[in-house]
Amino acid sequence: MKRLFPWAVLLVFASVPLWLNDPYLLNAFITTGVFIVAAMSLNLLLGYTGQLSLGHVAFFGIGAYTSALVSLGFDVELLFGIRVVHEPWPVWSGFIIGTLVAGLFGYLVGKLSFRVRDAYFVIVSISFAEVTRLVALNWVELTQGPLALTSIPPLTLGLPGIGYFDFYSKQSNYYLVLGVLVISYVIISRLVKSRIGRAMVALKENESLAVSVGIDVTRYLVLAAVISAGMAGAAGSLYAHYLKIIDPDVFLFLYTITMVIMVVTGGKGTLAGPIVGGLIFGFIPVIARSFAAPEVQWILYGAFMILILFVLPQGIVPAIEKWFGVSNEADEARQNTPSSAKTQDAS
Amino acid sequence: MVEFGQHIINMLILGSTYALLGIGLTLIFGIMRIVNFAHGELYAFGAYFVYLAAMMLGINFFIALLLAIVAGCLMGALIEVTLLRPMRNADIDTTMLVMIGAMIIMQNTEQFIWGGVGKSVNTPFPQAPLQVGPFFLSWLSLFVFFAALGLIGATYLLINRTKLGKAMRATFQDRDTASLMGVNVQAIYMATFAIGSALAAAAGALLGAVYVITPQMGNLAALKSFAIVILGGLGSIGGATIGGFILALAEEMGAGYVSSGYRDAMGFLIIIAVLLFRPTGLFARKERIG
Amino acid sequence: MMEKSLNKLATIAAAAVLAAGWTASAGAQTIKIGVNEPLTGPFAASGTYVVNGAKIAADQINAAGGLLGKKLELVIEDNKSNPTEAAAVAEKLITADKVPVIMGAWGSSLTLAVMPKLMEYKVPMLVETSSSGKITTSGNPYVFRTSPPSSLEAAAFKEIFPKLNIKKVDFLVINNDWGRGAAEDFGKMLKEHGVKVGYVETMDQAAQDMSAQLSKIRASDSDTIMVTTAVEQLTLVLKQAAALGIKKRIVTTGGSQNPDQLIEQAGDAANGSYHLTTFAPWVPDATPDPAATKYFLAEWEKRGHKFAGATESFRGYDGIRTVAEAIKKAGKAEPEAITKAFWQVDFTGLNGKIKFNKQGPEGRESGQSRPDVYLIHIENGKVTLPKL
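Protein chains in written order, with numbering that gives the first Met the number 0: chain A, 0 to 346; chain B, 0 to 289; chain C, 0 to 387.
Do not rely on the hints blindly, as some may be mistaken.
As the list claims (entries may be wrong) - With a straight-line cut-off of 30 Å between C-alpha atoms, the simulated DSBU-like cross-links for lysine-lysine are: (1) C:305 to B:118; (2) C:328 to C:339; (3) B:118 to C:247; (4) C:54 to B:118; (5) C:381 to C:166; (6) B:118 to C:301; (7) B:118 to C:327; (8) B:118 to C:246.
I should point out that these hints are in silico values taken from the structure, not numbers from a laboratory.
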């Protein structure tokens, strides 16, 4: 029964485009799906290693810009008169390169910033995202700055002997996002069940103990940051090729908040958490739009956010599991120790 | 040379307001370990309050300033009691998210009440600038500069010379011991958040008259105050004061001599650099605040 | 190839479902016009003005008996000043509300985000505010714009500036497509006509302190500063320039300056400044259609809006009137017919003739009308139309 459940959920979601004819709702599903992938990547950092990054949108944006630029081509002059000309490449290579470049930035940021923890880490991550936004805004020659990159082609997939397939229609984009979501889910679930995952959790629960038994803290944190950033980059790439235009607004702080609240609402450190939270916060704006004034929609969004934190601080998924008495592998990953203890250490 | 001198004058005025923004935030973080994302909204609250009092009710500008500070104090106490007190034992990330929720609500309530069109406050100061040799500055800026320094000084005295300040410092060092020694930690938290909020509202009240008041004005203020607090080291009032001036200097020089497009990047680049080389900020003293 | 054709089939099926929807809604009692504007977020003030102007137009048309025997209905949605939302709103308006035509989406990045949706569903949009050149040159035949891109404004300024005796200018512009576009187009035009161009300084959209940029400009040997930004930031630029004792001539561009708000909020600091605008409500008799201008201003005041907002809201008013004109010409409220009919629109709006010229790659041209441009001067707290 428990083994079959994820398959049943997948089946339900796979059937959505077959019975849902409303393109607006399908569009909401697709953009929500993109943000769920991003939220899942954030969950790897926040839920499994306990590091709250409020600059996660930077990797999302880097993936989006890289992927778009690889498939559109560019011509820039760097320092000392070195000129880089790039002819447009197939779009699928943009997706892969976007993922890799975001991962590379994850490595650099992780390597540098895991020297600081807690509030300091949070603020370094915000600063990093702001700097990336300002680079995207001001490096006009490469990114077109505020003029935005337009006419971004849809993602295409070449299959030798069969021809190629482009993800233009809503339905195909839905399955594309669902596919990436499933792959991300599998990667994360494999990872957290492995030795690496157990080391990460040990680290979150009690860092000094983990160090004393020989866990190389920085190495595992950096590894988590690389995978997390790469996945966020992949989500960004999907976003760029679906929306077909990106500008520096892709680095909006609100997008990070959306990802964080999706994770927290669903349940930090649970595999299903970001999906549950993502669906809720992806569709709140859609539902609120139907009855509330614009400002009131936002006020409801904020109020719901606070309400969730008050009532279910551990998130919805752990609450449901507790209710039904289900216990599974997610339990070990969950935060059980009150972190006020952690906070005390820091002061 | 004249240009450089003018940049320095600009820096001093801007820096004093940044410092005022920073100390409120650092006080709250130092004592309560709360990353207060609503700080910028309390700043906007102060600005709108002065607009309400001075422009709509016709109250004297200086009295309106004082009322805004009192209102900020009450607003802070209210937030503390309703949102933070029930979350006392939650971890730092959770309270931070609660404050982000509060930020979204407050900002859109302002938008709902006041609309998006910017508001300006008239002041009794003459519009013609004050000229000293080749340098210029407005009378209002000069007033803001001294008012900000005065408030910073008053906060410093409050923390270091009063009984309340002593209890706050004790709570900062060790909450549990302070509680055992008879300090009412609950009350200290409320006082801290109220004072921090009053300082943010004071900054907003002063700067609302200098700038234009909009519902979004808090966003930038919040980001800048984080930068200032990190520069100075979380929990250090002296550090936040100096941090405010450093950030202003970096921005002035960045816009004046590097590129105005990267003006706002300067602060963040400094933060990243500072944290990499000195992870606890430039002036953090872990054992005490003040 | 299998997938490819399946893919196509799905698109055709979706289009068929939509077409069925429109046919069904054709029997409805109202004609819907989608309005996609920022009502929250940084651009909320302007978006709200535009919507209020649009409402006046819709009420006026309905009071006169509506269109094609039906009432006009505005379906207004907030795009939250956010491109993702702007695209989602367009999707909702087209597919859920079944509007045959949209007006929007204020900022250029918002409009650009909507444009692929127009291609997808073949629904036209009237662009009332955005200024980026890309909007009409990227080959989207569903876009019709009534606001001037900065190149048009610069071309109009070519006739005006020799009388101002400008030798050298510095630019101070908002760091977005609008500001950067203005600095580029005006810079190019001025250089071609022998005016020197010094600094091009930018200010972040949310920035409140511009003293650093202004101190730098004060030290240069230019005689004129050209400023492009929205009214709130412009107020600050004027106040801070005065505080720094800057005596240079300030000329603003972009048509979003709202001079009355400037006079009210910047006070004496606004005196002496020049502004390029596309609408002159201070002298209704100088506008192309004085009767319409007076009607609009009277109605605007009657609804309790501040006069200062009129320079923004007239765009929503004219936008809806243009759309209505196109629907009338089309004879039916269907996207394809309206798209074609936009090319036949020819009437006098509050700021000049509204008639679309072709722009962009051949075969897929977008429409662009050419509004009038005025240079106004603020003197002693009053707006004047200088005789040059």
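Quick rundown of the hints versus the structure:
1. The suggested pairing of residue 305 (chain C) with residue 118 (chain B) holds, with an alpha-carbon distance near 13 Å, which does not exceed 30 Å.
2. Using a Cα cut-off of 30 Å, the hinted pair residue 328 (chain C) and residue 339 (chain C) holds, with the two alpha carbons roughly 9 Å apart.
3. Using a Cα cut-off of 30 Å, the hinted pair residue 118 (chain B) and residue 247 (chain C) holds, with the two alpha carbons roughly 26 Å apart.
4. Between residue 54 (chain C) and residue 118 (chain B), the direct Cα distance comes to roughly 24 Å. Compliance with the 30 Å bound is thereby established for this hinted pair.
5. This hinted pair checks out: residue 381 (chain C) and residue 166 (chain C) have alpha carbons roughly 27 Å apart, not beyond 30 Å.
6. In summary, the hint linking residue 118 (chain B) to residue 301 (chain C) is supported, as the alpha carbons are separated by about 22 Å, within the 30 Å threshold.
7. As the CA atoms of residue 118 (chain B) and residue 327 (chain C) are separated by approximately 41 Å, the hinted pair breaks the 30 Å bound.
8. Under the criterion of a C-alpha separation no larger than 30 Å, the hint pairing residue 118 (chain B) with residue 246 (chain C) is consistent with the structure, at around 26 Å.
The earlier numbered hint that this structure contradicts is number 7, and it is the only one.
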